[in-house]
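Undergrad: As a plain string of letters, each chain reads:
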Amino acid sequence: MTTAVRSPGRTGKAPTAGTRPHRRHRRRSVTLTLLTSLVAIYSLIPLIWLVINATKSQQGLLNSFGLWFADGQFALWDNIHQTLTYDNGVFLRWLANTVLYVVVGAGGATVLATLAGYGLAKFDFVGRRGVFAVVIGAVAVPGTALAVPTFLMFSRMGITNTPWSVIIPSLVSPFGLYLMWSFSASAIPDEMLEAARIDGAGEFRTFLRISVPLLAPGIVTVLLFSMVATWNNYFLPLIMLKNPDWYPLTIGLNSWNDQAATAGSQAVFNLVITGSLLTILPLLTAFLILQRYWQSGLAAGSVKE
Amino acid sequence: MAVQQVAVASAGLGKLKARRRRSWGGWRFVGPFMLVFALVFLAPIGYSIYLSLYRDRLIGGNSFVGLDNYTQALQDSQFWAAFGRVALFLVVQVPIMLFLALLVALAIDSGRLYGKAFFRVAIFLPYAVPAVVATLMWGFMYGSQFGLVGNINDALHVSLPDPLGASLVLTSIGNIVTWEFVGYNMLIFYSALRVVPSSLYESAEIDGAGQFRIITAIKLPAIRGALVIATIFSVIGSFQLFNEPAILRPLARNVLTTDYTPNLYAYSLSFAGQQYNYAATVAIIMGVITMVIAYVVQLRGTREF
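Sequences listed follow chains X and Y, in order.
Quick note on numbering that gives the first Met the number 0: the first sequence kicks off at 0 and runs consecutively.
Quick note on numbering that gives the first Met the number 0: the second sequence kicks off at 0 and runs consecutively.
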């Protein structure tokens, strides 16, 4: 939708200098490109470092230059094998937990945010202003202030140290609600809904058949961002979970890293590094593949600003 | 994902589409979200306030103490020292990060870069990396063992100051946070820039305005909403600083104490010291301070210049 705004507007206005009148001439600038490259290098170097060092053994890590490969050594496959099998394959267990938290947590968050955003944008109902005020007010409260009391509440309900303690808080995404609300307001013409209603379709049927397809870019955006939030979550599982069997990858990796500082256990930095690489790959891939969707989803969200 | 309230507020109630008569129908869509929201946002806030008014004593058990916990916290030098560190962090790191993000967004939006799609994605990628992995990577790189700093020292026979030493550690944390969020903020700014009607630039150019003038007179005012949102996000993020110092701790235990940030302090109060009531009080005070500052930023930011 933004392209429509951006693309050349009225033709036949003030015939300036002969060329296409409304395209600003955009001379590409080498200087500007180089300057921006500095920021891109800054952004990519740690990732490059990670890839390079995932090819080194624990020994190679200690005696080779950080940004180049260790001599005569390519331990990537060996590292991956070790990462996946170390400690009876606990990494795979953590991966499965993370996937569970992401699928149920981020998936659920997306469903709830889509329904609620659509409801707020397309219905006028009793208490709508109340919903609005309460959500906005509560969103400004920092997550920290919520963490300890949530833990104590969950502990009374007996659900700490279970997947629920991580999943339930992940189900609410105020950012997702906001995005879906402003997206619904602009992407779904009211006339279409009216027509469906006149044809006698129920509200949920209308929602599924007509609105959901129109909301697709917004839904993908919210899904991606909730996936990142859940996949990367550290603080919440840190307080909720004590049993390593329920750890997500983030907590697990950090516990491996802490091994080095614990007396009597061996340092496994090569596994921490390879494990980190395996942890970030799925999300980076998802972002790269789904670029088109989330970029247009975000742009549509900002129309409303 | 805290604060989109500025945008919500401005997009908000005025635009209400009153297609249907008021009914309870919308609740079928909004209800599920609100139910979970009440459980994980409203209930903990209420519980937190309750906790902060009580104290658990060895003798006498749980008793109401009014505002005693608050007076204690306001005189707690550990708390204020931690607050001072995040305040300093906020004042230095946030402007640097946002300014960098803004420059990149303007560069990409100017249409004068070679390979603009590459830059947009490359600089955004770190956002998809979990804070745990980001901190572990940078921690390795900072390290004198097999870190880049150690490598440079060996190669050039110099001794760079230790990035994890007392004088530099806050800067090093700032660097990690900047790395994680420059791209995210860039994307917020860029999305907002894309919806500025290009006719505005055309007429400005016809009037003979230079690029710099177009930026200050058109682009920046046009994305003020996004600037305010990004600032509020960053304020909240700084005050909640936890992951990075907590994960770096094993590398710098003497510097990164358990009360390094207010959040770490509240965490160790509750999970190492079992002082839940006092931890809740600290969290509430931080919450109130955050809300006040967010509110001030919003007022100043949305006021006409």
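Derived from the structure by calculation, the hints contain no laboratory data.
As the structure is a computational prediction, the values presented were derived from the model and not from experiment.
Glycine residues also receive a C-beta, built at the ideal position from the N, C-alpha and C atoms.
One or more hints might be untrue.
Said to hold, decoys possible - Short derived list, chain Y residues pointing at chain X, Cβ under 8 angstroms: (1) S22; (2) W23; (3) V35; (4) L50; (5) L52; (6) V91; (7) I95; (8) L99; (9) L135; (10) L186; (11) S190; (12) A216; (13) P220.
Undergrad: Now look at each hint and say whether the structure bears it out.
TA: So, going through the hints one by one against the coordinates:
no. : hint : verdict
1   : S22  : 6 angstroms, holds
2   : W23  : 6 angstroms, holds
3   : V35  : 5 angstroms, holds
4   : L50  : 6 angstroms, holds
5   : L52  : 13 angstroms, violated
6   : V91  : 18 angstroms, violated
7   : I95  : 12 angstroms, violated
8   : L99  : 7 angstroms, holds
9   : L135 : 6 angstroms, holds
10  : L186 : 7 angstroms, holds
11  : S190 : 4 angstroms, holds
12  : A216 : 16 angstroms, violated
13  : P220 : 12 angstroms, violated
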